[in-house]
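**Student:** Listed here are the chains, written in short residue letters.
Protein chains: 2
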Amino acid sequence: MLFHHFLNSIRSNIMSKIVYHFGGGTADGNGSMKALLGGKGANLAEMARIGLPVPPGFTITTEVCTYYYDNALTYPAELEGEVKNGIARMEELVGRKFGDTAAMPLLVSVRSGARESMPGMMDTILNLGLNDETVEAMAAATSNPRFAWDCYRRFVQMYGDVVMGVQKSEGEDMEPFEAEIHALKKERYGRDISDAELTSDDSRELVKRFKTLVLRRAGQNFPTNPWEQLKGAIGAVFGSWNNERAITYRAKYGIPADWGTAVNVQCMVFGNTSNESGSGVAFTRNPAIGKNEFYGEFLMNAQGEDVVAGVRTPEPVGKLAEVMPSAYEELCSIRKTLENHFRDMQDFEFTIQDKKVYMLQTRNGKRTGIAAFRIACDMEREGLIDWQTAVKRIPADQVDQVLSPIFDDSALRNAKRIAKGLNAGPGAASGRFYLNAVRCVEATKRGEKVLLVRLETSPEDLRGMIAAEGILTARGGLSSHAALVARQMGKVCVCGVSEMAIDYQERTITIGGVVYHEGDYLSLDGTAGLVYAGKLPTAPSEIVQVLIKKTMKPEDSSTYRNFARVMEWCDRLARLKVRTNADSPEQAAAAIAFGATGIGLCRTEHMFFNGNRIDFMRRMILSQRMDERREAVLNLLPFQKSDFKGIFKALAGRPATIRLLDPPLHEFLPQTKEQQLDLSKKFNMPVEFIMHRVSELHEFNPMLGHRGCRLGIDHPEITEMQARAIIEAAIEVMEEEGFEVRPEIMVPLVAFNKELELQKAIIDRVAEEVFEEKGRRVTYRVGTMIEIPRACVTADEIAQNAEFFSFGTNDLTQTGLGMSRDDSGAFLGTYQDLEIIGRNVFASIDQKGVGKLMEIGVELGRKTRPGMKIGICGEHGGDPASVKFCHRIGLSYVSCSPYRVPTARISAAQAALEDN
Amino acid sequence: MLFHHFLNSIRSNIMSKIVYHFGGGTADGNGSMKALLGGKGANLAEMARIGLPVPPGFTITTEVCTYYYDNALTYPAELEGEVKNGIARMEELVGRKFGDTAAMPLLVSVRSGARESMPGMMDTILNLGLNDETVEAMAAATSNPRFAWDCYRRFVQMYGDVVMGVQKSEGEDMEPFEAEIHALKKERYGRDISDAELTSDDSRELVKRFKTLVLRRAGQNFPTNPWEQLKGAIGAVFGSWNNERAITYRAKYGIPADWGTAVNVQCMVFGNTSNESGSGVAFTRNPAIGKNEFYGEFLMNAQGEDVVAGVRTPEPVGKLAEVMPSAYEELCSIRKTLENHFRDMQDFEFTIQDKKVYMLQTRNGKRTGIAAFRIACDMEREGLIDWQTAVKRIPADQVDQVLSPIFDDSALRNAKRIAKGLNAGPGAASGRFYLNAVRCVEATKRGEKVLLVRLETSPEDLRGMIAAEGILTARGGLSSHAALVARQMGKVCVCGVSEMAIDYQERTITIGGVVYHEGDYLSLDGTAGLVYAGKLPTAPSEIVQVLIKKTMKPEDSSTYRNFARVMEWCDRLARLKVRTNADSPEQAAAAIAFGATGIGLCRTEHMFFNGNRIDFMRRMILSQRMDERREAVLNLLPFQKSDFKGIFKALAGRPATIRLLDPPLHEFLPQTKEQQLDLSKKFNMPVEFIMHRVSELHEFNPMLGHRGCRLGIDHPEITEMQARAIIEAAIEVMEEEGFEVRPEIMVPLVAFNKELELQKAIIDRVAEEVFEEKGRRVTYRVGTMIEIPRACVTADEIAQNAEFFSFGTNDLTQTGLGMSRDDSGAFLGTYQDLEIIGRNVFASIDQKGVGKLMEIGVELGRKTRPGMKIGICGEHGGDPASVKFCHRIGLSYVSCSPYRVPTARISAAQAALEDN
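Here the protein sequences come in this chain order: H and E. FYI, in my numbering the residues of the first sequence are 1 to 916. FYI, in my numbering the residues of the second sequence are 917 to 1832.
Hints are computed from structural coordinates only; laboratory data are not their basis. Possibly wrong hints are sitting among the right ones.
Derived pair list, reagent style DSSO-like, types lysine-lysine, alpha-carbon separation capped at 30 Å [stated by the list, open to error]:
| id | chain 1 | residue 1 | chain 2 | residue 2 |
| --- | --- | --- | --- | --- |
| 1 | H | Lys-884 | E | Lys-1670 |
| 2 | E | Lys-1670 | H | Lys-848 |
| 3 | H | Lys-869 | E | Lys-1764 |
Chain H stretches covered by chain E per the calculated footprint, using a threshold of three residues with CB under 8 Å from any CB of chain E [unchecked claim]:
| id | region |
| --- | --- |
| 4 | 19 to 27 |
| 5 | 844 to 852 |
Note that CB positions come from ideal geometry on N, CA and C, so glycine has one too.
Whenever a hint applies, use it, and build me the whole structure from the sequences.
**Tutor:** As structure tokens, this is what we get:
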């Protein structure tokens, strides 16, 4: 703790400026200061600098957030004064006073803004500065009491919820403020009128009731002093950095907790003063398919929140040309300015107050994988960016979207289309639908593919969205919460299906008079925005059709052409090679089509399970004598050889790393009494003997048991057979096809140099025997998996025998962290919630721990064998962050599953770009 | 391999001298050159130098052995010439010619000699130089054809076996040479006469038949050329370095394979020429009890081999005073010379040829633990050695012998040995055996002495283990649960008796076809790993009687006084502190009596199994709601607190490291249907629910599962309860006893700094609560086990929160090597045979691998927290080699089971002596 305090004291000493002003055509900060000002704050500053119409305000830096958490939720002493200065500057620029009871008062919004956008995760307060007096001043100044009291009512509701914590408690059906509104409507109108129909008197009454509610629930009075309101709001925004939703979000996206959020305090502008006002959200290009068109939506006489909330369905932005041509033209010009300035597709929020356009936010727009490729290629062609920047623009973790299946054409023709909505997240998804997040998650645990169906989504649905294949909502537009989050996650999403009625109680949905029950199958076409009943078969993506299936020509698919262009750029940049994990000729061929340069991991054990091959293995395991064991294993030779020949042919001369048998022997024996009886008959062997052998082979911790090279050492006949199959196959393929074959034989689970030495001796001996028999040699290498911590710290010794290393990060994670992949489910959720681990360590390399072991292994290995070829072949090889890490520690290649090869190639190229 | 060749080429360049002569009152080498000349060769040289009567000869160095294995079993070019020189020098000194057919020829012995004695492991050839012609010259020269032909017959037999590989094959009942002898005796005498009765003609006929046998079996003629014989014998000795016996021996005693053996070629002397000749083996002091007396035995008219072989029973060496007083006097004088020169007890071989005494070998004598203490103390008193040397002379790994109970000698002679297993817990125990813990406890309540017999033990057997005198298991190795717990408790344990079948239903065990019923007496010799039928009388060791039982006074036990003297010396030397692993006041008290400075590991989980406490744990695990869980756990508070108070009182102010709950929850739930039904009734809870929870908690790899601090994080109520119990106990004991209590709270299985941070926050919070309640504070520390590789490589971060580290080398070995202790039995034997591992990695730290991780942990930890207290608390803490390693890497203390404390103290002192 001492150390911590020490750091903090340094931190407070260097924290010179904590508040940054913007507006009035100038700003203290700029767009490059995202770490300090958050994305929103930095871009507000940048927009102000380039003359865009930004309401003035100031940003409290993320360092204040960090200070807040490091110092028992207190602020730096100077903050209060700085905030006062900020408000004073705003007052000057707009000519209004904060808390003015005589004239139109200055009202402000208080918004969070982290370094990376976390949509909907943290809190926002609008219309701050209103109280029983200022509201009257506002009513007078605007001559619109209904509007003024509506603003005040909204403010009390929002502040009461977010800052004072008056929220729905367990057992309540409705948010408490909503319940008050509902009651009042019932009382006064006898029915549920719309909020817009509320009179100023209704709002006044509601404010009164809200305050009573707040006092009762929160135990304190609603603050009337605008300064006190402001202080509370700032605290709430900082506090929301550590709410449950934000933590879940950070865990999923690997955002560190210590980044913190900034707070933006900005003059309010109103899209809801009249029908000459409005709010909208727009993109400078189409974020779903990437087309270069003005894309977005707006609502007249509405605040920005209303556009996103999805209560009223907004209009496409093109419609504004008719409704208010001057504003439309200004926005078109802003769109151009933004793209020319930021040189990336922008996602921005605007408000029109009494015909005047204001910019509230801009940021680089999230886009689907397909759109990312198109926008990058288009912008490069348009000269907005160079090709290196184009490569940087592809979100590597979304590349698999462009490879994901779409619905089968013929199936679509016979399918029962039941509804049309907005195409918010492209792709095709089928699954059983569930109406809440919890049941979605539970169903996926049972192995089901699921769809989340909601009236609209909110941050609370996040876990369900993560679990689901696709999301379907009844309300909300292309920039609703559902749409935004779905696109970012690469989930299929159809939203705004207004014809769908949902009964949460009965767990049913009704579309066109037909009732569907939770658990029924639906299918979503997120590219077209269509909903189908039942489970539709899917078809490969265009890229797969061009590259793998050859059912489409390159010239017929612009998606493919953009993809291919980016991939070509990547190859110019990447230093890391990308290989694939493939156990069959088909997988190898697919991976090569996706650009793999060879096989980094061919698991041979899958070959032992095919057909009746397993019986030979079983005979071997059940044999008592060495000669019987050897004979049984030799029966597998022709099968293994033909498997390897198929793979070598598919590779056409590319290298193949083949791992010797790895799993424990008990995996090959039947485990149930019934199967054991069957085998006993088949082998004419007492069942007691089989049972005895099964119990003998039982292990308490099979992960740490008799497997990997421990098998080959105890059963040299297996290594002999496998080495012979590989070498014979290599020579035969060379003779039949005329190209070189480059087998790399990999010994698994080595912890001791001597293990490798002994296995290598067998392989070398067998190879020489085969060379003698065949009268021909082949160049092969012998290397090892590095997947045991001991191997990392003794890599200098192991490199005496190993001609290459391949990190098996799956097992290295399990052993290095002492954490079983199969069992960690029980606590991994808690661990993510508590931010003990960031992202799932089995998906993305734990760089500090497992990564450190890898670094030690690389350093020691190359000390003995300079320039040694070192790769990685765990699941992590297809994870962008892990690929970049592998680049940084100087690996030679990564190996991943075939469909992740493009992701890895892009990540490798991006890693190379980050070197500079 | 390149690297290897490079090393070899260096080696051959620096290998200047490969043959060292000795004899004739001088020698090339000396006693300090054991690494190069082997123990035997170095001491032969030393004896020659100090004028003892050594037959002349020469030693081929161990470097030639290493060369031989590194260069495809070939020799350095210069060897042949050097050997010729050596023989020539011998010829000159004794005035005989090698291969002389005219006069008495020079005959030689060819013996192995490694750096450390490996008795009986490698090969020896005697009488080399005889053939059909030289034998006649010998017969003529000695006028004793029977003797000459007997020598020749023995030579052919020995050479045929050892060098030419004519050995018993499968299916044969008798060694082939012995079969020939047997047949000849039958033919010529009709009965099995003794070898001594064979005539010269019998031997001549046998030589003929032996040669035919050799040709038939080995496919080549027996070599007649003495030079060819010599070359073959040298090769055989080098070859025997890698025979199976030698490899097994090296694995057991941790001797590296690359040490190699030397070869000693020496003039033959004969103890079997007449009744004026003889051979003997003697010790300069009694090696069993350490008494300063001439001790040994001899046989007249016999070769040295005959003394050891045990066919004729030899006479005690004192008898020689009567048989041949001159030789006896000479030997007494030699005994004095040896002790004065070597300043250690010597074990030597002599031959008397025609009244003249020859010395064939001397070495430091092996001795029992008791003898070691006595000899060291006596020699120090006699002024032969200083006290530091006396400390070096105690074989640390035999210290536990002097603490263990012993069987009465006379009883053992009549006892019926029924099985052999692993000597897991030294000492002797007799009692009625029971097959479960409950019946063990019941029987002790009836006043019985009992043994617990199980297939294997688990924490549920703990009460039975506590009650029992000794533990016998059918499965499990030296570090199985049974072995670990037994050693910690100082219980006798024999484990892994695979020939024992257990029928829990019938309550019987079957060994060798004999059925024993529960309640029958068995006796266990845990020092030798033997099981006896019936009840053998035992007694505690004298040291235990003095220190623990207080049934003997120090002045009545010289064994105790020697022990105490050595321990006092150790404390002057040791830098490492020695703590103990103890879970009860009794264990703590015993350890303190043995010199422990505190508790290094108090496992709290054992406290959860006692009596009905486990039911509270079960309630906690079966509770659905947090408040129920907390309530259930709080029931354990009084028990835990009283446990801790007992321990704090026993420690009387010494520090105690207490580990928070570690094992996975499923260990607390009943696993069989029957037990689950019982619990269901007891808790009035559906059995289905219990079964569901058991299956929910089932883990594939419990070692890597939901345990250690992962429990405390998921179940903060456990950590809260334990922290409260510790702090309350500490304050209460301080108040009741008036001494300081120094609790050190240890969080297990930490892999991430954040885990420790979260657990420490709970502990600190609870501690403050208790301080408040009690109005009094106590100084406590919070630290962590380092037992996960990730913890080692991120120790700098973890040290931000950890006030101390304790390496949990049991788990660190399992995770660092990816090797489960419970499952590695399947291949560990093979691994030792193949010399992949030297000693059992679960008994002695794998210094290159696990040790490297520890070094990284120490370095990083102290980088953040200079001078940090770092210890070790795995089983390895009581292993001498591991203790020395801990000293070298700068640990602060080791912690081991109470009865291993003296071993650790001696090892720590020896480690300090090795620093210089």
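**Student:** Decide, hint by hint, whether the structure agrees.
**Tutor:** A quick look at each hint next to the structure:
1. Proposed proximity of Lys-884(H) and Lys-1670(E) is supported: the alpha carbons are some 25 Å apart, at most 30 Å.
2. With a C-alpha separation of about 13 Å, the suggested pair Lys-1670(E) and Lys-848(H) falls inside the 30 Å cut-off, and the hint holds.
3. Of the supplied pair hints, the one linking Lys-869(H) and Lys-1764(E) holds, its CA atoms being roughly 24 Å apart against a limit of 30 Å.
4. Given a C-beta distance limit of less than 8 Å, the hint that chain E covers the region 19 to 27 of chain H is violated, as 0 residues qualify and 3 are needed.
5. Only residues whose beta carbon comes within less than 8 Å of a beta carbon in chain E count, and the region 844 to 852 of chain H has 5; three or more means the coverage holds.
Of the hints listed earlier, the one the structure fails to meet is number 4.
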